[in-house]
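**Student:** The task is simple: from the sequences and hints, build the whole structure.
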Amino acid sequence: MALYSLSHVIDLEWMREAYRLTRKSGAPGIDGVVAAECESNLEANLQSLLGRIRSGSYKAPPVRRVYIPKADGSQRPLGIPTFEDKVAQLAISMVLEAIYEQDFYPCSYGFRPGKSAHQALQTLRTGFMTQGLRWVLDVDIRKYFDSIPHKQLREFLDRRVTDGVIRRMIDKWLKAGVMEEGQLRQSTEGSPQGGVISPLLSNIYLHHVLDEWFETEVRPRLKGRCPLVRYADDLVMAFEDFLSAKRVLAVLGKRLARYGLTLHPEKTRFIDFRFKRPNGMRHAATSGTTFDFLGFTHVWVRSRQGKDVVRQSTAKSRFARALASVSDWCRHNLHRAIVEQHLHLSRVMRGHFAYYGITGNGRRLRWYAHQVERIWQKWLSRRGQQGSFLWTRLRELLKRHPLPSAKIVHRYVVGSEALP
1 MALYSLSHVI DLEWMREAYR LTRKSGAPGI DGVVAAECES NLEANLQSLL
51 GRIRSGSYKA PPVRRVYIPK ADGSQRPLGI PTFEDKVAQL AISMVLEAIY
101 EQDFYPCSYG FRPGKSAHQA LQTLRTGFMT QGLRWVLDVD IRKYFDSIPH
151 KQLREFLDRR VTDGVIRRMI DKWLKAGVME EGQLRQSTEG SPQGGVISPL
201 LSNIYLHHVL DEWFETEVRP RLKGRCPLVR YADDLVMAFE DFLSAKRVLA
251 VLGKRLARYG LTLHPEKTRF IDFRFKRPNG MRHAATSGTT FDFLGFTHVW
301 VRSRQGKDVV RQSTAKSRFA RALASVSDWC RHNLHRAIVE QHLHLSRVMR
351 GHFAYYGITG NGRRLRWYAH QVERIWQKWL SRRGQQGSFL WTRLRELLKR
401 HPLPSAKIVH RYVVGSEALP
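Just so you know, the sequence shown maps onto residues 1 to 420 in this note's numbering.
These aren't lab readings, by the way, just hints derived from the structure by calculation.
These numbers come from a predicted model, not from an experiment.
Not one of these hints is a red herring.
For lysine-lysine, the following DSSO-like pairs were computed, each having C-alpha atoms within a straight-line distance of at most 27 angstroms:
id: 1; residue 1: Lys-24; residue 2: Lys-59
id: 2; residue 1: Lys-24; residue 2: Lys-175
id: 3; residue 1: Lys-24; residue 2: Lys-172
id: 4; residue 1: Lys-115; residue 2: Lys-316
id: 5; residue 1: Lys-407; residue 2: Lys-307
So the derived label-pair ranges between C-beta atoms look like this:
id: 6; residue 1: Glu-13; residue 2: Arg-395; range: 47 to 57 angstroms
id: 7; residue 1: Ser-57; residue 2: Arg-350; range: 40 to 50 angstroms
id: 8; residue 1: Arg-350; residue 2: Arg-395; range: 13 to 23 angstroms
id: 9; residue 1: Val-34; residue 2: Lys-223; range: 54 to 64 angstroms
id: 10; residue 1: Lys-223; residue 2: Lys-24; range: 47 to 57 angstroms
id: 11; residue 1: Arg-350; residue 2: Thr-262; range: 36 to 46 angstroms
id: 12; residue 1: Tyr-4; residue 2: Asn-41; range: 33 to 43 angstroms
id: 13; residue 1: Arg-154; residue 2: Val-66; range: 27 to 37 angstroms
id: 14; residue 1: Arg-395; residue 2: Arg-52; range: 51 to 61 angstroms
id: 15; residue 1: Asp-146; residue 2: Val-251; range: 16 to 26 angstroms
id: 16; residue 1: Glu-189; residue 2: Leu-343; range: 38 to 48 angstroms
Where is the CB? At the ideal position from N, CA and C, for every residue including glycine.
**Tutor:** Here's what the structure looks like:
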């Protein structure tokens, strides 16, 4: 049912919680205001913001657009809202989240409480190894966050939320536009760029367009098991039956086109993910076609116990990007003290291991740690005329304070297996 009275739950205590959960270290928006300025008179600022939200006098400012490089050399647009706007968006999204968490399907893992990318990866790997899934649709929706039609998004919201205050705020964010090079640009499609509420709105849209359709209409008509694993707009469909996979591929593009979305013709792939061996070699193992999902390459390998298992290792593009980032930072920070560089690199490595440290990826993690040390050595040796002396000092430092070693943080085992 549609809920028409919700805004009364947004009170001053609710706003304090929204402020507490808002990231304070982000870049400022078009007004240049940072978190510290808001905190100086916090109660009055939150009370003012709450009053403007309830009365409808709140004006959603346009987001400041910047561009960040992508792995393929192109640039990705990134929107930076004002700090006050982030707090307001989080306050509204906390209400919507409580409603839609009852509706979302288990196949959706992105930007949801209690869900993570590692759960999505484990679900996919377990399906391959225990459910006989051998055919994969690696789906890519072209410019999804920039393509969501506002009209159809509002129609989906009408099914569950009709509260005037909340819907008015969402409409303001959809119409706010972006500020780029001093010019304001409006848009009739796409979710608020960089906004706190953007991931939730995008999940709501794909919930109706894809998840609900697949779980209630498509899956019952197919043969064999066929899970959908989705993290925001990154999704994979795995199938036990070949013809079922082909049937879904034939209608998926039409389903998305009906709601203003388009499959990327080059990045959307139908994959034969069966384990293959060379002809005439009974025991030797080689992988079949691989695919990447959430930064990991999925490939069939032979475990130490001689069993066929799926290994998820760091994708080559992500691995190269991580090392390039380390090299770029070292090059621009040679003037810093060695101890400061050590602290920064340690944080970067721990962050890398925290995400990529999963079962079966130990070899890639160890190679990453080795390459980071080599990159650091390379740039320190170019600092001044005493590079060799500095490297000697570095070796002594690493003996006392070594860089973090490769660590498997997320362990999961299917049956009896052991991967290097």
